[in-house]
Structures are given as C-alpha cells and as structure tokens.
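Trainee: As you go down the protein sequences, you meet chains A and B in turn.
One point on numbering: in the numbering used here, the residue at position 75 of the first sequence is 75, and numbering is uninterrupted.
One point on numbering: in the numbering used here, the residue at position 25 of the second sequence is 25, and numbering is uninterrupted.
It is worth saying that the hints were derived from the structure and are not from the lab.
No residue lacks a Cβ here, since even glycine has one placed at the ideal position from N, Cα and C.
Honestly, I wouldn't trust all of these hints.
[As the list claims (entries may be wrong)] Chain A is faced by these chain B residues, among others (derived, beta-carbon under 7 angstroms):
(1) Thr9
(2) Ala12
(3) Ser16
(4) Thr19
(5) Ile22
(6) Ser72
(7) Val75
(8) Ile78
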Amino acid sequence: MMREASFHILRVGIAITFLWIGILILKDPQGWSGYIQPWLLDFLPLTPDHMMISTAILDITVGTLLLIDKLTWQASLVGAAHLVTVLIVSGINSVTARDIGLLAGCLSLFIFSVK
Amino acid sequence: MTPHALLFTLAAIGISETTYLIQKRHLGEKPVCPINISDCHKVLESKYNKTFWIHNDVLGLIFYITVAILTSLIVIGIHPVNLLDIIVKLLIYIGVLMSIFFTFLQWRVIQAWCTWCLISALTILLMTVIVLTSSLV
C-alpha cells in the first residue's frame with residue numbers, strides 16, 4: 001500500500017507541475033521563448049511564440065493525463081522525452097536544473113506504470 | 001500569483017481524488033481507505049452519496065475542474081478577470097458550505113468517517129482560507 005501511495009503522490013505532484021508550467025507559458029509565451037538557445041531558432045518549424053504555445057499545450061495534456069491516471073505510462077514517457085528536449089534546447093542553467101529532478105520523476109512513473 | 005497557484009494545486013489534488021473515487025465506483029471496486037475501511041465504505045455507499053440524483057464525487061469533480069479552469073484563466077489574464085474572480089470565490093463559498101454539511105452528515109447522521117470525504121473537506125477548507133486571507137486579483 002505504501003508503494004502504491006508513493007506512486008500516486010509522485011504522479012499527482014508531477015502532474016501539477018506540468019499543468020502549472022503550461023499555464024505560465026500560456027500567460028507569457030514570448031518571455032518563455034527567451035529560453036530557446038539562439039542556434040536553434042533557425043531550425044524551428046514555427047515562430048518561437050508558437051513553439052512555446054505548442055509546448056504549453058503538450059505540458060497541459062501530459063499533466064491532465066497524469067492527474068486523472070489515464071495513459072499514465074505513455075504520458076510519463078512523453079513528459080520525460082519533453083524534458084530531455086527542454087534540457088537540450090535550453091541547456092542546464094539555474095532554472096532548468098530542476099528539470100533533471102522532474103525527468104527522474106517521469107522516468108520513475110514510466111517504469112512503475114508500464115505493463 | 002501565489003494564491004492562484006495554491007488554489008490551482010488544491011483543485012488539482014481534488015480532481016485526482018474524485019477521479020479515483022469515480023473510477024473505483026465504475027469498476028465496482030472498493031476504494032482503498034487509509035484510516036478505517038468499513039467506515040469509509042459505509043459513508044460512500046450510504047443514501048446520502050448523491051445530491052439531486054448526482055453522485056457527490058461527480059459533483060466534486062465538476063467543482064474542482066471548474067475552479068482549476070477559472071483560476072488558470074485568471075492567471076493567463078483572460079477577461080473579465082474580476083468576474084471570474086467573483087465566480088471562483090462564490091464557488092468556493094458554496095463548496096465549503098456543502099463540505100460542512102457533508103461532514104455533519106458523517107458525524108451525526110451516518111456516524112462514520114470517510115477518509116476521502118474528509119480530505120476533500122480539508123481541501124475546500126484550505127481553499128476558503130486562501131480566498132479569505134488574500135485578495136485574488
């Protein structure tokens with residue numbers, strides 16, 4: 001039961017983080033686009049603002065699925081892949097350092113929930 | 001921003017909890033009740049588990065989703081922010097009144113305690129404290 005409880009606590013915690021980050025990006029996509037490394041701007045299929053809005057929608061989708069415990073392993077895998085992308089695109093700085101912890105959390109959720 | 005973040009977090013916890021209860025009910029399984037198993041099921045299966053023919057867990061889910069969405073819209077800055085703020089406050093005041101009523105039912109009428117119901121009541125009580133101690137907009 002404790003093992004089950006710790007999974008659910010991690011799941012809800014990671015879900016809230018994804019959801020809230022998605023909302024904050026929607027509030028100020030231009031500000032968040034500043035985290036994109038300059039070398040990457042030429043390769044983006046969309047404008048930086050639109051890229052950030054797409055990211056916010058992805059974050060909110062992953063967060064919602066984790067929160068309601070549906071498609072949990074798929075959502076945590078997408079979340080982990082997304083965080084790897086963020087670390088590559090933004091580099092590891094004082095803001096993104098915590099993404100390493102989130103990435104570990106997503107991988108734990110994936111391993112726990114995959115059948 | 002901080003009160004909104006707290007409200008959103010509490011609403012998300014509420015969504016997770018009510019979703020769990022609804023899923024268990026649909027599957028015909030009994031939810032895991034951390035404190036007292038028999039009491040929990042006595043409350044969840046009592047004749048008071050519905051309000052106006054709608055299961056209380058469904059009402060709770062609708063409440064939490066509405067608060068989460070409205071709080072998000074306020075944070076993003078969708079207008080009219082003031083109106084949304086008033087609606088959120090009203091919803092939370094109605095929610096806390098219903099929670100007090102349900103807690104009273106458990107205490108005096110059903111005479112059993114349900115952990116999930118108490119967690120939900122505490123969640124809404126905390127939301128009320130946040131609304132009362134902060135000017136949201």
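Trainee: Just to be careful: measuring from the Cβ of Ile22(B) to every Cβ in chain A, is the smallest value less than 7 angstroms?
Mentor: Hint on Ile22(B): violated, closest Cβ of chain A at ~10 angstroms, above 7 angstroms.
Trainee: Was the hint right that Ser16(B) lines chain A, CB cutoff 7 angstroms?
Mentor: holds, 5 angstroms
Trainee: Min Cβ distance, Ser72(B) to chain A: is it shorter than 7 angstroms?
Mentor: Holds - the Cβ of Ser72(B) comes within 7 angstroms of chain A, reaching about 5 angstroms at its closest.
Trainee: May I ask you to test the interface hint for Thr9(B) with respect to chain A, counting a Cβ-Cβ separation under 7 angstroms as satisfied?
Mentor: Status holds, d = 5 angstroms.
Trainee: Given Ile78(B) as an interface hint, is its Cβ closer than 7 angstroms to any Cβ of chain A?
Mentor: Violated, because the Cβ-Cβ distance from Ile78(B) to chain A comes to roughly 10 angstroms (cut-off 7 angstroms).
Trainee: Hey, does the Thr19(B) contact hint survive, CB to chain A under 7 angstroms?
Mentor: Result: holds, 5 angstroms to nearest chain A Cβ.
Trainee: Take the shortest C-beta to C-beta distance between Val75(B) and chain A; is it under 7 angstroms?
Mentor: The hint holds - Val75(B) has a Cβ within 7 angstroms of chain A, the shortest such distance being about 6 angstroms.
Trainee: Can we keep the Ala12(B) interface hint, with Cβ of chain A closer than 7 angstroms?
Mentor: holds, 5 angstroms
In summary, the structure is inconsistent with hints 5 and 8 from the numbered list given earlier, while agreeing with the others.
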